[in-house]
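2 protein chains.
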Amino acid sequence: MTNREELNIALIGFGTVGSGVARILSTQAENIAVRAGRPVRLRRVVVRDLCKSREHLPADVTVSTDLQDVISDPEIQLAVQLIGGTDPAFDYMTRLLAAGKDVVTANKALLYLHGETLFRQASDQQRTIGFEAAVAGGIPIVSAVTQALTGNQILSLEAILNGTSNFILTHMLDDDKTYDDVLKEAQSLGYAEADPAMDVDGTDAAQKLSILTQLAFSTRVPLESFVKQGIDGLELLDLQVASDLGYKIKLLATSRLNDDQLEMSVQPTLIRADREIAKTDGADNIVAVRGDAVGMTRFSGAGAGQLPTASAVVADIIDYATGRTAVTFESVLRTLAQPDRTVQPPGELSRRCYLRFTVDDRPHVLADVADVLGRNGISISSVHQEETSDDSAARNGSARLVIMTHRTTEGNLRAADKEIGQLSSIQGTSIRLPVAD
Amino acid sequence: MTNREELNIALIGFGTVGSGVARILSTQAENIAVRAGRPVRLRRVVVRDLCKSREHLPADVTVSTDLQDVISDPEIQLAVQLIGGTDPAFDYMTRLLAAGKDVVTANKALLYLHGETLFRQASDQQRTIGFEAAVAGGIPIVSAVTQALTGNQILSLEAILNGTSNFILTHMLDDDKTYDDVLKEAQSLGYAEADPAMDVDGTDAAQKLSILTQLAFSTRVPLESFVKQGIDGLELLDLQVASDLGYKIKLLATSRLNDDQLEMSVQPTLIRADREIAKTDGADNIVAVRGDAVGMTRFSGAGAGQLPTASAVVADIIDYATGRTAVTFESVLRTLAQPDRTVQPPGELSRRCYLRFTVDDRPHVLADVADVLGRNGISISSVHQEETSDDSAARNGSARLVIMTHRTTEGNLRAADKEIGQLSSIQGTSIRLPVAD
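These protein sequence lines map, in sequence, to chains A and B.
Our numbering puts the first sequence at residues 1 to 437.
Our numbering puts the second sequence at residues 1 to 437.
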């Protein structure tokens, strides 16, 4: 079964993760050969700029700027595609598959946007795509969902999938700092990109959730079909009030079977502080998978970073070398070909909620807000009016009003949002977060 | 690659886990066929007693008491061996493999005691053994170590592997109860066996650690070669004092590379309360794996129980049906064939320690104990003399003395143990626990 000949591979892209992969392949060469059943040799690297110096690159590796060099080299069986974004990554993947190369990739945006096309092409040409590193970095969640838990009907996924957001939320609360301050800190420490938009607005987590949902529930759900909310509107006060009430706020990605419908969202969410997922701090990721047989299982660790991501890429390379990828990829294709489930319309999402308003500090404001909520069928569970420590707010005669609601629908809340926005006593932006059960 | 013919299997043993497997195979039949690429049919069950009623057993399954019925049925390719203990399990496994059947098993004691023989036999006869369910029930830790993390040099495993012990420790502290009371409760709830010896004396966890160590460090370490201590000597007071000092006590199984030597132990251990592993409560298991590339990853969930264990067994059946087991088992055999590492002699284990003595409540006792420790090169970090709430102890004029030491060796401690045991001021049993870093 095993091909004892050496496996020749190419890396497409040699940034942070690429050099991490090269480093593992050289430091763990012996161990990898044992696990893989044959030596794995890095033969070629395709880069944009030939002049950059490259760490961990053995002298016998051919570096070039032309993908064609990999495509036309019959020795290369597996190409490891590590270019971010979709251009030229998508074109490269297509050309590699067309040339009969198998591919491993860590590019989650590419899989989210073009996965269907790429998987179909790979299937048509009897090629494979390995993508463990595309979701949650070093945490082997793709193999858990596609292999280890396949005896289960998966009932729910609840996950922290964006390390940047989790780092920011953790340090705001722990260090008593504003969103902007911690973001700057995260950028200087390398935990956040110069342009952190995709991380903090929830897009990154939503793309990963969409990929996991496809694997777990064989249903492709585009980002437009579920509620996505980032952490960028949160204030330190929100984290503090939540904490006083016994909750942590986490950017929670959820996919749950609910009466045979898929209920999905990515939102900063109040989670009871004693739950494992609430205790996942810093840049770590966690995925909690509930299966009908296994119950709740949890997988946590570094969701990004050079070596954790490279660790997942190398696992994919070893899987390919042994022949395991061929088997698993076929199984994934069969799963994806299953009929889609219905996705619950966002307006029907039903949760308890946390509402925070900045209001004029004068009589009857609470009555106004409560009236709008009541007329929209939203029942109040508790009210907390916080002293504001914010000087400018105090000067403006404003107060922070926090309302916890009983279970209600997203639709009711959206209707109430509109009306409340028109109240003259409401200042600036309000925020609304779900509370996890 | 995939054989689209149906896979016919037999269950050997139809107790709790067996009926769970049958239940999953029937309720998830469609899902399993998709993942496996072919239908999985339960054809035969071998039991001890034909007269027992059997839940979840489809009418077309042939039940018999004779293993020979499976052996001589050429339709059966895979036998799922779910008999506990080693007799007749070992004989059955040997006969099944000799007859050309592949085997899946959840029997950890069997693998610990006879794994080497069975793996060699399977290898010689080009058969496979799947054993995900043998360690940590529903948590896919075997596949994590043998597949997902193979790009890493694993540096350490730290785990809670015995649900019964963890349940008892959790409820002693949370409910303010003695060991004996919680043990009785655990037995009535089904979390502990009528004879819980193997669970509470650390044997069960040590066997599982030995199996994981073999997979992660390709070194077979028998229980005699490392320190194994159960929870049966612990008092509620120990948990309370530890808690006051900021620690939880957990039955921790550790296997760690230390200067190229393997450092192993299974002991109730003081773990800083804010560490994930300290927060794993009740009957849950957790395995924290540190790899040189991936950093710290954690896997947690139900470590035992009917359906969690059956979930892992079914994953093994699906892996077999797809052809993945053949590949993985070969890779495991290559790993196990690697040269063994040296195991650190137990006397050289170096840790901080918690010591608790019941002493006469009179002058100079602390001086006596401190003198023995000092002469054995053990340096004291803090001393806590607790008021005893135990009436009989108070009557006897005794006090509980707790000493936290700086880092010292197991050898020094053993020497001190002997001398302290001979002090006339020491009453009854003392206890000594390591403190995790």
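Note that these hints are calculated values from the structure, not bench results.
For glycine and all other residues, C-beta sits at the position ideal for the given N, C-alpha and C.
Treat the hints with care, as some may be off.
Said to hold, decoys possible - Calculated Cβ distances over 10 Å to all of chain A for the following chain B residues:
#1 Ser53
#2 Ser64
#3 Ala148
#4 Asp176
Unchecked claim - DSS-like, lysine-lysine: derived pairs with alpha carbons at most 30 Å apart:
#5 Lys228(B) to Lys184(B)
#6 Lys228(A) to Lys177(A)
#7 Lys177(B) to Lys52(B)
#8 Lys279(A) to Lys52(B)
#9 Lys279(A) to Lys228(A)
#10 Lys177(A) to Lys52(B)
#11 Lys177(A) to Lys184(B)
#12 Lys177(A) to Lys52(A)
#13 Lys228(A) to Lys184(A)
Problem set entry | Violated hints, by number in ascending order, as checked against the structure | 3, 7, 8, 10, 11 and 12
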